[in-house]
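Student: So the sequences go chain by chain: U and V. Quick note on numbering: this note's numbering labels position 67 of the first sequence as 54, and the sequence is numbered without any gaps. Basically this note's numbering = 1-based index in the second sequence + 83.
No lab work stands behind these hints, which were simulated from the structure alone. Treat the hints with caution; some may be incorrect.
[Said to hold, decoys possible] Heads up, incomplete: computed chain U residues facing chain V, CB under 10 angstroms, no partners named:
no., residue
1, R220
2, V247
3, R251
Treat the numbers as computed from the prediction; the structure is a model and nothing was measured. Just so it is clear, CB atoms sit at the ideal spot from N, CA and C, and this is done for glycine as well.
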Amino acid sequence: MRRAAILLAALAPLVTAAAETVELDPVEIRLVLRHGPWPQPLLRDPSNRVSGDAGAIALGQRLFFDARPSANGTVACATCHVPARAWTDGRAQAAGLGPLDRNTPTVLDAGLGRWFGWDGAADSLWAFAVKPMLHPAEMGGSAHGVAAVVRGDPRYACLYEAAFRAPPGADDERVLVDAAKALAAYVETIRSGRTPFDEFRDALARGDRAALARYPLAAQRGLKTFVGKGACRVCHFGPGFTNGEFHEIGIPFTLGPGRVDAGRHEGIKRLRSDPLNLLGRFSDDASGAAATQTRHVESTHASFGQFKTPSLRNVALTAPYMHNGRLATLRDVVRHYSELDMDRVHADGESLLRPLKLSERETDDLVAFLESLTDPRASDPPGPPATVAGCAS
Amino acid sequence: MSLRAIAGLAAALSVASAAANTCAAPAGFAPAGRIESRDTVLVYRTVPPRIEVGKHFAVDAIVCAKAAPSALRVDAQMPAHRHGMNYRARVAPQGDGRYRADGLLFHMPGKWQFVFDLERPGSTERLTADVLVE
Chain U
-12 MRRAAILLAA
-2 LAPLVTAAAE
8 TVELDPVEIR
18 LVLRHGPWPQ
28 PLLRDPSNRV
38 SGDAGAIALG
48 QRLFFDARPS
58 ANGTVACATC
68 HVPARAWTDG
78 RAQAAGLGPL
88 DRNTPTVLDA
98 GLGRWFGWDG
108 AADSLWAFAV
118 KPMLHPAEMG
128 GSAHGVAAVV
138 RGDPRYACLY
148 EAAFRAPPGA
158 DDERVLVDAA
168 KALAAYVETI
178 RSGRTPFDEF
188 RDALARGDRA
198 ALARYPLAAQ
208 RGLKTFVGKG
218 ACRVCHFGPG
228 FTNGEFHEIG
238 IPFTLGPGRV
248 DAGRHEGIKR
258 LRSDPLNLLG
268 RFSDDASGAA
278 ATQTRHVEST
288 HASFGQFKTP
298 SLRNVALTAP
308 YMHNGRLATL
318 RDVVRHYSEL
328 DMDRVHADGE
338 SLLRPLKLSE
348 RETDDLVAFL
358 ESLTDPRASD
368 PPGPPATVAG
378 CAS
Chain V
84 MSLRAIAGLA
94 AALSVASAAA
104 NTCAAPAGFA
114 PAGRIESRDT
124 VLVYRTVPPR
134 IEVGKHFAVD
144 AIVCAKAAPS
154 ALRVDAQMPA
164 HRHGMNYRAR
174 VAPQGDGRYR
184 ADGLLFHMPG
194 KWQFVFDLER
204 PGSTERLTAD
214 VLVE
């Protein structure tokens, strides 16, 4: 702690001395440093025995782009998670075989999450991967249909055996879950790279004046608002710019007459009734430690209408915004918080929320900061699936 | 202050002091905090010692009291934000006034407050301790 204090004291004059940088005090510097380093190490998922396995990743990649498991053979994971669109679809609300109510989240860095989906109804990436395959308005598939594709395609069957040390068996549900674990193993590899912000943050850590000055001034001012007046960092916390939890922020959750999207409230109900949750027989974590969150999660009155805090990495590439795609641009998002309608926030909502009343310049600066969280390669096409010995490429 | 009030205060301090004196943490138990009331002393530590935002942790507590509680509840809240945790801790008695609470998670940085509710027949004694998480 003492060493950190000395380092910060030494950094402050560096930051203020350069003409091309915005003044940050030692507290602000400490808060900025908390948003790195990036990338973060990806730990294998203990609930998925093929997490990190080359055969599973290759199988998962092929399945991700394969529409055959869908009911009519036209919808794949990649239909909504389009690599060229930073793994989203650019639509306000997703559409698979039918219309859906929520916005498609990116799968970039999804492997770092704790809860999955806007409502956190899944406690593992693999359990989450099952849902779109079976949802009637997404892929509309079935356990039997997915298993039939895996068993019937010799290359898939080979990759399956390489990953799971046994050929796909006759148990459709088991093969479906294993296919989802392979998909999760692939999605874990979809990572975002470094951004202009990360270069600034690391320059701050090492006291590199020249590198600091390369970060646009508007982004620096926006960053100062982000960690200060805006208090954005409280929820968009840490290197991933998300605390991984759920908040109600005044976005209407009515879907039409008599229909509401209850968000986290319903998500916890679905989680608890899901046989694929981490307390169930499909988890590969013998220690039970991975299920800690599932054992202890609590639904409260405030859970109603809460949705997961999204990461802000590559947020400039993933419009439109919010759980229902209601806001078209980043400027709209900043204005939402600037002019927050407190009548729309739950009476028992968090007192953290208040209209920020940002000036036009502060709004521009915050948008510039958010744009600086963009990895220039986030929308690059993925490479071909890796070859696995003994399986046709 | 009247003589009676001074005598009452001295008695209260004596009780608290007696409880405190008999509430030494065992070897290897490095307390993160100590809370004292008139009749109770509670020392606690977190496992791991450093609380990280978004990571589950446990709380070990030792309760020393004239009247032992029938149960202990452990919770936490962010008073400034008017919310608590999104997780419910489960408390397991370990014997000899020791307890372990599992499953806590602080999902935001800032000032949190541990809440220890000691259940006794007909009453609940609440002890709190502030903790800053960055």
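Student: Holds or violated: is there a CB of chain V closer than 10 angstroms to the CB of U/V247?
Tutor: violated (21 angstroms)
Student: How about U/R220: closest beta carbon in chain V under 10 angstroms, or not?
Tutor: Nearest chain V Cβ about 8 angstroms off; hint holds.
Student: Given U/R251 as an interface hint, is its Cβ closer than 10 angstroms to any Cβ of chain V?
Tutor: holds (8 angstroms)
Taken one by one, the earlier hints fail for this structure only at number 2.
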